[in-house]
Amino acid sequence: MIRVAAVGDIHMGPESQGLLRPAFDTLPECADLLLLAGDLTRHGTPEEARVVAQEVRGLAVPVVAVLGNHDHHDEQPEKVAALLEDAGVRVLEGEGTVVECGDTRVGVAGTKGFGGGFVGRSAGEFGEPLMKEFVRYSRRCADGLRTALEDLDGQGCTTRVALTHFSPVADTLAGEPPEIYPFLGSYLLAEAIDTAGADLSVHGHAHAGTEHGMTAGGVRVRNVAQPVIRRAFNVYHLHVD
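Note that numbering that gives the first Met the number 0 numbers the sequence shown so that position 5 is 4, with each residue one more than the last.
Derived by calculation from the structure, the hints in this document are not laboratory data.
Predicted model only: the values in this text are computed from it and were never measured.
Be careful, since some hints might not be right.
For lysine to aspartate or glutamate, the following DMTMM-like pairs were computed, each having C-alpha atoms within a straight-line distance of at most 20 angstroms [stated by the list, open to error]: (1) Lys78 / Glu46; (2) Lys78 / Glu92; (3) Lys78 / Asp102; (4) Lys131 / Asp142.
Label pairs and their computed distance ranges (CB to CB) [as the list claims (entries may be wrong)]: (5) Asp102 / Gly17: 32 to 38 angstroms; (6) Asp102 / Ala59: 24 to 30 angstroms; (7) Gly57 / Gly196: 29 to 35 angstroms.
Think of the CB as a built atom: it goes at the ideal place given N, C-alpha and C, for glycine as much as any other residue.
With the hints as extra help, turn the sequences into a complete structure.
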């Protein structure tokens, strides 16, 4: 059994240094890896990213992350990612990574993702160039996730996890105003997950959403935004054949 700890939307700043570290130090007792589902900072500044980096530096379990929209706000996502990578975090965007958990190879594929909405009420690639680019960007994120999951399948991974910031399903948005669903996720992410296959999908972003959901193909989806799970992290158990 693989124990996956996950949390998103921790929104750290200088005054929150050390807030989560005591809980993170307990991870070896209950989890094999930690996933960070984006919005790790408040405004995406290097100063805030350094706080997050110190919070996870030297943890006794592997840490894998994607960035969120807040981490892009200061328009320095590459610097935010570099500071996290320097602390030992594997930051993914349209990529996958393999984590060795004992004798089991766990593959994690990640992308920030983007909005656009869900089947029946989604944006389309039509009209103004800005609208078409909105949808094309969401599609590029989903395509990167699908390719990363497929690549992991060829690397002998017994278990695969999809890690995003935006939601792949509407289920886990329940509690948010329906009017903003198109800005919280996209069905294209779920299509990518179902096409390539995964054992678990983890996301954040929807602070007023719901923890549990599922793709049309039967993949478990979990919203791990900290305002939803109300703890330092949740742990999900994946059975390995």
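Contradicted hints - numbers only: 3 and 6
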